[in-house]
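Given next are the chains, with one letter for each unit.
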Amino acid sequence: MQEFEPKIVAFVCNWCTYAGADLTGTSRIKYSANVKIIRFPCTGRIDFMILMKAFENGADGIIVSGCHPNDCHYSTGNFHARRRWIVLRNLLNFAGIETDRIQFSWVSAAEGFKWADVVNNTVAAIKEIGPYENYRKIAVSTLFNEEGASNE
Amino acid sequence: MKIGFYPGCSMKGGAREYQESVSALARVFDIELVEIPDWNCCGATAAHNLNKELSLSLPARIMALAEREGLTDIVVPCAACYNRLSLVQHELGADATLKSKVCSIIDLKYEGTTQILNIIQFIDKYITDKLEEKVVKPFNYNAACYYGCLLVRPHAILNFDRVEDPQSMDVLVTKAGGNAIDWAFKTECCGAGMSVSRTDTVARLSGEIMKDANDRKADFIIVACPMCHSNLDMRRPEINKYLGENITMPVLYISQVLGLAVGLDAKTLGLNRHMTEVIFPEKPVKAAADIPQKVVTTQKMEA
Amino acid sequence: MSASHENNHPLSQSGEIRIDTGVIINKCYQCGKCSAGCPVATEMDFPPSLVLRMLQTEEAVQMEKLLRSMSIWLCVSCEMCLTRCPMEIDIPTLMDYMRQKSVKAKKTNPKANKIIAFHKSFLDSINYTGRLYEMGLIVDYKMRTGAMMQDVAVAPKMFVKGKLNPIPEVIKGRKKVAAIFNRIHKEDKQ
Amino acid sequence: MSRIGVFVCHCGENISATVDCEKVARISGELKGVEFSADYKYMCSDPGQTMLKDAIREHKLDGVVVAACSPRMHEPTFRNACAEAGLNPYLCEMSNIREHCSWVHPKSDLTTDKAESLVRVMVEKVKKNKALNSIKVPVTRTALVIGGGVAGIQAALDIANCGHKVVMVEKLPSIGGHMSQLSETFPTLDCSQCILTPRMVEVAQHPNITLYTYAEVESVDGFIGNFKVKVRKKSKSLDEHLCTGCGLCTTKCPQKKIPNEFERGLGFRPAIYVPFPQAVPNKPVIDRENCTYYIKGKCKVCEIVCPTKAIRFDQEDEIVEVDCGAIVLATGFDVLKPDFFPEYGYGKYKDVIDGLQFERLASASGPTQGMIRRPSDGEIPKKIVFVACAGSRDPAKGIEYCSKICCMYTAKHAMLYKHKVHDGTPYVFYMDIRAGGKNYEEFVRRAIVEDETHYVRGRVSTIYEKNGKLIVKGVDTLMGAQPVEIEADMVVLATAGVANKGSEELAQTVHVSYDAHKFFAEAHPKLKPVETNTAGIFLAGACQAPKDIPESVAAASGAAVKVAALFSNDLLTREPLIAVVNRQAPPVYSSCVGCFLCQSVCPYQAIEREEIKNRNGEVIRTLAKVNEGLCQGCGTCVALCRTKAIDIYGYSNQQVYSEIMALLND
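Chains as they are written, first to last, in this note's numbering: chain U, 1 to 152; chain V, 1001 to 1303; chain L, 2001 to 2190; chain Z, 3001 to 3666.
Bound-form chain U, shown alone:
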C-alpha cells in the first residue's frame, strides 16, 4: 500500500514567515514537499472562510504562520489572527474536524530552520491523524457557492 502523502496548505504572511521560508531555501535546508505556500500580506487577513475553503477542497491539514507577537509588520494583525484562531478551535470541534489539522505557528524572517521544522512536524502530525475525507460533508459547500463570498 502506498504511504499516505497528505495535502497541506500553508497560509503565511508576506513579512515574516514567507521571508523565513525564503531563508529556508537560501540556506538549502530540506523539508517535505507536501506543503505548498499561499502568500498573504498578514495573518490578520486570513479568515474562517479561507480555512474552510481549503478543507472543502480536500486539504488534509493547514499551517497558518505569521510574525511573532509584537513583530507584526502592521502592528497588530497577528494578534487578530490569534484571537480568531481561539474562536475557530471550537467551531472546528463542532464541525467534527480535528483541531490538530490546523497548526498555528510563528516563524520570523530569520527562522529558516524553524520553518523546515514546522513543515516536517506538521506533515508527521497529519500523517498520524490520517487523510481528511469528510470534507464533502461539511455544510460550508452547501451554504456558499463555489466562488465563495464575492464582492462583485
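Think of the hints as simulated: they come from the structure by calculation, not from any bench.
The structure displayed is predicted, hence computed values, not measured ones.
Please note that a few of the clues may not be correct.
Computed list of lysine-lysine pairs in DSS-like fashion (alpha-carbon distance at most 30 angstroms, straight line) [claimed, not checked]:
{"#": "1", "chain 1": "Z", "residue 1": "3023", "chain 2": "U", "residue 2": "36"}
{"#": "2", "chain 1": "Z", "residue 1": "3023", "chain 2": "Z", "residue 2": "3041"}
{"#": "3", "chain 1": "V", "residue 1": "1101", "chain 2": "L", "residue 2": "2142"}
{"#": "4", "chain 1": "Z", "residue 1": "3469", "chain 2": "V", "residue 2": "1217"}
{"#": "5", "chain 1": "Z", "residue 1": "3382", "chain 2": "V", "residue 2": "1217"}
{"#": "6", "chain 1": "Z", "residue 1": "3613", "chain 2": "Z", "residue 2": "3136"}
{"#": "7", "chain 1": "V", "residue 1": "1012", "chain 2": "L", "residue 2": "2142"}
{"#": "8", "chain 1": "Z", "residue 1": "3501", "chain 2": "Z", "residue 2": "3165"}
{"#": "9", "chain 1": "L", "residue 1": "2106", "chain 2": "V", "residue 2": "1052"}
{"#": "10", "chain 1": "V", "residue 1": "1217", "chain 2": "Z", "residue 2": "3350"}
Which chain U residues face chain Z? A few, computed with CB under 7 angstroms, are given here [stated by the list, open to error]:
{"#": "11", "residue": "31"}
{"#": "12", "residue": "41"}
{"#": "13", "residue": "69"}
{"#": "14", "residue": "79"}
{"#": "15", "residue": "89"}
{"#": "16", "residue": "98"}
For every residue, glycine included, the Cβ atom is placed at its ideal position computed from N, Cα and C.
Got chain U; can you put chains V, L and Z on it based on the hints?
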C-alpha cells in the same frame, strides 16, 4: 516523612561514614530514609567505559525498583551514582525505543518518573529551611567546598547549580556557621576512578586541589562524593609525596559539617573513620586579612 | 516517496559516528578549549582536540591510532571538555564509544591494561554479587595485574577504620543482575 | 477567455537541477487560459526580459506568470518589464519555484509536480487579477536619524548636506557613540577622538540638523514619505538655553562615586555630569537615580552654584512630534555582559576587563591618562593576555557569529600596550586571525613581527586568580594541543559585539524586522544592505551586524543616498495593494452595513465615514471608505468584515479562493 534512599556501594564500604552521617542528619530532621530494596550497583565509570547497554541497564534496574516501591523522590548522596542515574533517566526519557529495550533487558517496568536528588538537593528540599534554627554549634572554620565533576556536569542534563564557580554547598556551609572561602579548584577533577589503576595521576590532580585549598588557608575541604573523598583523604600520603609537603587538612562530607553544626557527635558522624585524622584547628577563624574574601559585587558596567 | 530527504553519500566514518553516538564531529573547529581544560591532557598521547582532528580526517589509519591510544583510557570522564566546548560536542561519549570499539576489536593499548583490568574486575564484582565488593575487587584486580604489593600498607588501616568489609554483600536479586550481564553479553556476541 | 503567458526560469541550474523546467512549461501551456508558455535559462537577464516583452506583444497576453525565484527578489523586475510591454504590471504574478521548491527538495518527479502546481496556482490567481494604478503620495523632506554614533553622524551630515532637514535622536546625553570611547583606531593608529569630535561639532552646528540628546523614540506611525514620530526628550533637569556649560555644578556635586559609564566603570562621575570633556552638547544632565536631591529631597548644591540659574529640578519629560519622510536607524551595538564568562572570572576579578575598558585605559583622556594600569591596584601589568573570540563563535552560549572587529582591535591593543609598556609581554590567544580589509593583514603582522606579540593559537579554558596573578589556562593547538599556562597581571577579553540594549523593542516600535540575535534585518543581504523590509526605513552601521568604523561610515553614506533619492521626488508612488469598500448602484449603494468594525481594527486609521445623501441633502446611509493614502494593505479589515463589503487588491477573496482550489484540485 519517608524518602527513597540509594546509598550505592561505596557507602557500604569505603565511605561508610558518609552513610552514617547522612542517616544521622536525616534523623535529626525527622526524615526516614527508605533504602531501595535489593538495589544493585549503578555500574559507575567501569560500565559506561566498557559497555553502553550495561551502563543504561544497571541504573534503570535501580530506578525501576524504586518505582515499584512507590518512591517518588530518591536521594543519592554519592555524586557518581547521582550522575549515572540522572544521565540514564535523561537518555531513556529521550529515546522510547531504547527505553523499551532496556526494560526488556532488566525484565522490569521502568517509567522514569522518580525524582533523583543529590545530597545538596535533598538538603535544600527537606532540611535547609529548618537548618539555621537547629544550629547549636556553628561550624566556625574556613571551608573550601569542593564540588568535583559529577555533581555539576554535564550541566545541560543535570541542571544543578552554576557549572562554573557553583555556590550551593558554600551556602549550606555558611548557614552552618562556616566561612566558605573563594578558591579556584571547586570543579576541577580529582582523578575519579583512577585511584587504584593510575595512582600517580590521582596524586597529581588531587594534589593540585589540595594545594590550592591549603594555600588559601582553608581548614577543611568539604565534599559530597565518596570518590572525591577517598582520593583526597585516603590518597593523602601519595598527594603529599607529589607535592613534597605535609598537608594535614581533613576532608569532611557536607553531611558531617551540618551534623556537627546541629550538635551530633564525632563518632555518630563517623569522623573517626577518615584516614586523614580530623583535628579541629585551635584558633578557628583566622585573621580576616589572610582569608581570600569572596567577591560579592560584580563590577558595575555601563548603565 | 518519503517526505524526508537524507543525503545519499555512502556512510563515512563521521557519519557512522553520528549514527552510533549522535555526536557530529565535523562541528569541531579546533579551538582547543577542551585540551586546555582537560585535567589529563598532559598525560595523553593525543589531547582531546587532536582526537577530534584525527577523527575528522576520516582516515582508517587515524582511527586505528586512536583505538590503540592511551588517550581513550586516560580520559576520566570528568566532562570538563563538554562543559566548555563552544560547539557542545559530547567528547566524553566519543571516548566511551572508542573505548568500547577498542575492546571489541582487541586493540587496547598494553599500557592501559591496568585501567581496563580495574574496570573488568569492577564489573565482575557486580556480576557475581549485584554490588561492588571492594575487597573482592581489589583481590580480583591484583590477580589480573599481578600488582600484589600495591596499597598493602593502606589495607589494614582501612580495615581498622571499618572501611573494608570482609564479607561481600550479596543481594537477593543477584541472579537477576547476572541475567542482565548474560543477556547483554549474548547480544554483543551476535 | 484569458490569454496568459507562463515563463519558467532555470535560474542557471538553481532550479533546473531539481525541477524539470521544460516539463513545467509544457504542462503549464496546456492549462485552460494559458496562451503561451516557455522556459529560459535566466528570465531576469536582459534577453529573458526581452523574450517576456516580445511574447506579451506577439501573443496579446493579458496576464503573466513568471515561475522563478521569490517574488521578494524579482517581482518588481518582471512587473516593470510587463509595464514596458504595455501590460498593466499588476497582471503579472510570480511562482516561487526556487526558494520554496527547487532549493528545499531533491531532484524528483514530486519536486517537478510541486513546481507545476505552484505555477497552476498563480495562473488561476492571475485570471482574477485586476489592472491597478499605483498611488501617489506627497513626501515630507525631513529625515529622522536614530542614534548619534559615527554612523548616525555620517548619515545625518550627508543628508543635511544634500539640503534636507534632519532630526537626530540620541538616547545618551552626548552624541559620539562607541567611537568616542576608543583610544586609537586600526589600521592607522590615528586618534579616534581627533577625527570624530570635529564631526560631532559639525552636527551640532549644522543649520539643517536638529539634535535631541537624552531622548528616545516613543512611537512611529505612518509610512514612507509620511512618518509621524513621537520623541521623548527625557528631562535633563536643566534649561539648556540658560546653561553655558561652565561645568561648575559638576565640580561641586557632593555625589562623586558613581561609576562612570563612559569610562566603562573604571572611573567615577558626579550625579550632575557631562559624559566626557568633548561631549556634544557640552551641557550637563542630572542622573536622577543617583542625585541626592531626588533621593533624599534636599541638596540642590548645583542650583546654588549655577551662575545662570539654569537648573530645573521640576522639569518633566517632553514629547516632541516629528514629521519625517524617512528614518535611518543607527543605534549601534553593545558588548557582552560580565556574567557571560563565568570560566574567565569576568566581573569577579577586577583585572579581567573587556576591550572597551582597555580602550579607556589606553586613551590619553581616560582614567589613567593613557597609562596602562590594572584596575585592582594601579600597577603596570608586565604580562598581559588578550583573549580573542570571548563569546563570539560560541554557539553553546548563543552566539554563532564572528564579531568581525575583535581580531583587529586585539592586534591594536597588543601594539598600544607594547608601545606604552616597553618591557611588557603581550599574549594573544586566538583561533583564526580575520584581517580582511585594506592594510589590515599588514597591521596584524606588524603586531606580531615588530611589536613581538606572542600569538598562541588556542582557546582559553579558564582563568583564576592566585597570589595576585591571573592564571590563564590555554592551549597551543599548533604544538599538538599542549596546555599553556600563563601567570598574567591583566587579561583583556575581546568580548563579542551584540545587538544594543532595547533593539528588539525599537524594532517593534519602528516596525522593522530583526534577526535571531536582535540585529536589524536588511531587505536583501547583497543588493539591499541598507534598506529594511519597511519602505522608507534604512540602516546604518553596527545595528545591522558588527561592523568596524569604515564599514559603518560607508553604510551610513549608503543610507543617506537612499534617503536623498527618496527626497528627490515630489510625489512617491506606492503599491496599490490596498483595501477597498465596494460600491453599487442605488438603492443598494454598497454591501457595507456601516458597522465600522473595520474602523476599530485598522492600525492606520485609514477607514473613513462616507455619508450618502439623497437629493434633499439628507443622510440616508453611512458607509465605510478606505483612505488610499493611509491604507497599508494588511487586510485585517477584510477578514473581519461581516458582509464581505471590504476586499483587498492583490489578495482578494476571489484570488485567494482560486489559488486554494488550484492548489488542491490537481
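Next item on the list: Hints the structure violates: just list their numbers, smallest first.
Entry: 3, 13, 14, 15 and 16
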